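Read top to bottom, the protein sequences are chains U and G.
Quick note on numbering: full-length UniProt numbering labels position 5 of the first sequence as 5, and the sequence is numbered without any gaps.
Quick note on numbering: full-length UniProt numbering labels position 93 of the second sequence as 93, and the sequence is numbered without any gaps.
Since the hints were made in silico from the structure, they are not lab data.
Check before you lean on any hint, since a few could be wrong.
[As the list claims (entries may be wrong)] So, partial list: chain G residues that the calculated Cβ filter (under 8 Å) puts toward chain U:
(1) Ile5
(2) Ser246
(3) Val249
[Claimed, not checked] Sample of chain U residues at the chain G side, in silico, Cβ under 8 Å:
(4) Thr38
(5) Ala59
(6) Val60
(7) Tyr61
(8) Ile62
(9) Gly65
(10) Glu67
(11) Pro71
(12) Arg135
(13) Leu136
(14) Glu139
(15) Glu172
(16) Thr176
(17) Tyr182
(18) Leu186
(19) Thr193
Keep in mind that this is a model prediction, so the values were computed, not measured.
All C-beta atoms, glycine included, are put in the ideal place defined by N, C-alpha and C.
One-letter residues, chain by chain:
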Amino acid sequence: MLDWLKNINKEYPEFWKAYLGKFEHKEPKYIAIHIKTTGFNVKKDVILSIGALTIAEDAVYIGQGYEVTIPQYRFLHDNGLSNDFVMESEQTKLSESQAIEKCVDFIGSATLVGYRLHNGLDILNEALEKMGCGRLKNEAIDIEIMYQKLNETMDKKYSLADICQAYKLNHEESNTTTEYAYSIALLFLKLKTRLGFK
Amino acid sequence: MSNIIVQQVAVFLKDFLPFSYLPDESLEKIANSIRVLNLNKNKTLFKINDSLHDCFYVVASGVIHLTVISDAEETLLNKCYAGDVFGLRPFFAKNNYQMTAKAREESIVYAIPITTFKPFVAQNSDILDFLLESFTTNTKSGSLMEQHGLISENIDLQEKQFDALYFQSLSYTKKPIVIPHSTIIKDAAQLVTNDLQDCVLITENGTPKGIATDKDFRSKVATGKVAFSNTIDKIMVAPVITVSESISVAEAQLIMLKHDVTHLCVTSDGTDQSEIKGIISEHDLVVAQANNPGVLLKEIKRAQNGKELKLVRNKLDEIIQTSLNKNIPLTHINSIAGEITLALIRRSIELAILDLGSPPVPFAWLCIGSQGRKEQLLLTDQDSILIFDDVTTDRYRDVRDYFLKLAKKATNTLEKVGYPICQQGHIAGNMLWCKSLTDWTKQYVNWMKNPGEKSNEISSVFFDYEIAFGDQKIEDSITDIVFNSSSNNQLFFDYLGNDAIKKPAPLNFFKKFNLEEDGEFKGKFDIKTRALMPLIDSARLLVLSMGIRGINSTYLRYKQLAMLDAKFSEVYLNCAEAFLVLSKFRALEGIKNDDNGQYINLDELSKPDKERLKNALMPMRDLEEVIKGKFQLTQFS
Numbered sequence: 001m002l003d004w005l006k007n008i009n010k011e012y013p014e015f016w017k018a019y020l021g022k023f024e025h026k027e028p029k030y031i032a033i034h035i036k037t038t039g040f041n042v043k044k045d046v047i048l049s050i051g052a053l054t055i056a057e058d059a060v061y062i063g064q065g066y067e068v069t070i071p072q073y074r075f076l077h078d079n080g081l082s083n084d085f086v087m088e089s090e091q092t093k094l095s096e097s098q099a100i101e102k103c104v105d106f107i108g109s110a111t112l113v114g115y116r117l118h119n120g121l122d123i124l125n126e127a128l129e130k131m132g133c134g135r136l137k138n139e140a141i142d143i144e145i146m147y148q149k150l151n152e153t154m155d156k157k158y159s160l161a162d163i164c165q166a167y168k169l170n171h172e173e174s175n176t177t178t179e180y181a182y183s184i185a186l187l188f189l190k191l192k193t194r195l196g197f198k
Numbered sequence: 001m002s003n004i005i006v007q008q009v010a011v012f013l014k015d016f017l018p019f020s021y022l023p024d025e026s027l028e029k030i031a032n033s034i035r036v037l038n039l040n041k042n043k044t045l046f047k048i049n050d051s052l053h054d055c056f057y058v059v060a061s062g063v064i065h066l067t068v069i070s071d072a073e074e075t076l077l078n079k080c081y082a083g084d085v086f087g088l089r090p091f092f093a094k095n096n097y098q099m100t101a102k103a104r105e106e107s108i109v110y111a112i113p114i115t116t117f118k119p120f121v122a123q124n125s126d127i128l129d130f131l132l133e134s135f136t137t138n139t140k141s142g143s144l145m146e147q148h149g150l151i152s153e154n155i156d157l158q159e160k161q162f163d164a165l166y167f168q169s170l171s172y173t174k175k176p177i178v179i180p181h182s183t184i185i186k187d188a189a190q191l192v193t194n195d196l197q198d199c200v201l202i203t204e205n206g207t208p209k210g211i212a213t214d215k216d217f218r219s220k221v222a223t224g225k226v227a228f229s230n231t232i233d234k235i236m237v238a239p240v241i242t243v244s245e246s247i248s249v250a251e252a253q254l255i256m257l258k259h260d261v262t263h264l265c266v267t268s269d270g271t272d273q274s275e276i277k278g279i280i281s282e283h284d285l286v287v288a289q290a291n292n293p294g295v296l297l298k299e300i301k302r303a304q305n306g307k308e309l310k311l312v313r314n315k316l317d318e319i320i321q322t323s324l325n326k327n328i329p330l331t332h333i334n335s336i337a338g339e340i341t342l343a344l345i346r347r348s349i350e351l352a353i354l355d356l357g358s359p360p361v362p363f364a365w366l367c368i369g370s371q372g373r374k375e376q377l378l379l380t381d382q383d384s385i386l387i388f389d390d391v392t393t394d395r396y397r398d399v400r401d402y403f404l405k406l407a408k409k410a411t412n413t414l415e416k417v418g419y420p421i422c423q424q425g426h427i428a429g430n431m432l433w434c435k436s437l438t439d440w441t442k443q444y445v446n447w448m449k450n451p452g453e454k455s456n457e458i459s460s461v462f463f464d465y466e467i468a469f470g471d472q473k474i475e476d477s478i479t480d481i482v483f484n485s486s487s488n489n490q491l492f493f494d495y496l497g498n499d500a501i502k503k504p505a506p507l508n509f510f511k512k513f514n515l516e517e518d519g520e521f522k523g524k525f526d527i528k529t530r531a532l533m534p535l536i537d538s539a540r541l542l543v544l545s546m547g548i549r550g551i552n553s554t555y556l557r558y559k560q561l562a563m564l565d566a567k568f569s570e571v572y573l574n575c576a577e578a579f580l581v582l583s584k585f586r587a588l589e590g591i592k593n594d595d596n597g598q599y600i601n602l603d604e605l606s607k608p609d610k611e612r613l614k615n616a617l618m619p620m621r622d623l624e625e626v627i628k629g630k631f632q633l634t635q636f637s
């Protein structure tokens, strides 16, 4: 609550200043994002990978995406988990601070779209704080809530697979965050026209 | 570094022309710049006279319909399915779109920017050829589209005049080989061979001067009369017979006969003083006629497997669609489609017999239900039964096993052609419906003497039958049984009558359509159960009760009834007309959606069409009264 007071004289890292600067001219675009974490605990859990795709003018720009895997050596080691598989994969790997810096750079001032995004964002914010930055300022939209609104069933929970199935999207084989982001992006386009907002 | 989605899209594209010409790296590059669009049902992507987009489109899922407006009517040019390319106009022309692209169902399309794709087109002539071809191909050149999945983009309204043969326009070679008259014969022959053509045009200042065909090479060069090192003008035939672009099949035939030539040169104004547009060969004429029913029947007889039969069946779809558009009477279309379907079934059985060896005893394969009435226009369920001659008990098992195998093979072939297996299992491959004559006699007698015992639906399907293959005598004996047991069988008629009129009403109290209230087809009108079935069932009932034999189609049944039962002849005639109107609605809907047309989307009908549909439902009430008067329906209600 007193964040602004606490940080009033604080010198932010360069990338964060650039990020804040972007909000002066907000871009009319969305970014479908999926953040894979180890769990729900803001303090203890960490981000494993991030996948994001750009949506603009009612189209998904599949070439304009961001994908990163963060090898969380310390976390995995502390919890006795193996990370051989992640290390051997061909995905881009960056250290947490680098990955997050790039991510913030990529999303800019766009509106974020995700599925139960709040948990991922909380952990992302936590990581940002460690790097001496503030919290993300982006607006965020949740497709589960959009779907609930559309069906007027606010108290029912839907998994991402449920929603995909309702719109006959092939989601079963998805396992990377980018594939999740792609499903989210398509669902967002479908729901958006149905709900009739610009 | 490209992400996994880009890679997946590239893999998807690789399966389709023209992208399969490109190496993987180029595909990824293209995929990288793709925009993915989601089109809700009935969303228009672009329409006629919209300014050009900066991209062309590939369907990823769903169906896109391309339509043009001609004579103030929307005409369907083409349906694009997954992998089809459309919207190519920005490549070749600067003016606005000439057609409308609309999503028939919820679809996802990939938009590929022209700027990204153009370099690849420039480098790869295969792609350029493909795009040009799909841009200009006449929509109706069915076989070509079958092979390449081409989507036509060019609309020549003359080419859409697809009436009978005499108005049908030709698709012909648009890029003939053109050489100057000083070319050496050997080189010319090489050119013809390389291009897989059968003639060359010899030009002077861009206008046709002469033509050299296979025949000339054969009779003048190969015989040694002219050495092949001579120039081509030594063997060419001059002058060339020229025709204009809008020539019809029949005209072309006449001109060829008149001048006794095998090739006609197409020029822009029809004289030999103008620009060359193409060559019409005898072969083109044959191809142009390939879509007539007689040729289809021949093709069916020669087909070797389900796949070939399917190609024929696809052509039948085209014939049905164009016939419907041209207002050719539905009874006529029904009988053509019926004959072709019958031939398909026959061929399937023949193929099965060829595979299994000749049958041990005579048998009859009867089509039942809609095909039994020759009213099967669309790819609806296949229903059939198999009756074989009586055999001694010790052989019964083997014989039945043989026929079951036969039936399974034949129905599988038909399934490949596109006729789904009946949901209730009314097919000959089912053990219940593959029996000896005695068993079938018992079965029919049982149905007719004890109606109402678990025989829902049975009546409607099993009493319309037509022999498709086998021994005519067997069919006759079944007919005898049906009519013998039906005379004075009041109970049976009462049951059928009840069955016929208890179908859900098509209109409600306020004369509004009763639509489906839930389920997959919510909000649509079930034309099959609410309108067609009562008419079909009533016709069957009346025909059986009057002992009229040998007439299977519902329309003819009503016509016959009107003659025999003068008191209600007006009602019957109205029903006959109504039946045609309703069938047509269903057929059009089925063709539009590639399904069996059972559910009609009323929102898509124009107001006059809705009125016509409503009027066609009116005679049903009178018919109901007739039936109520003739039979006592209270027993079962």
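Open item on the list: Going through the numbered hints above, which ones does this structure break? Give me the numbers in ascending order.
Closed with: 2, 3, 4, 11, 12, 13, 14 and 15
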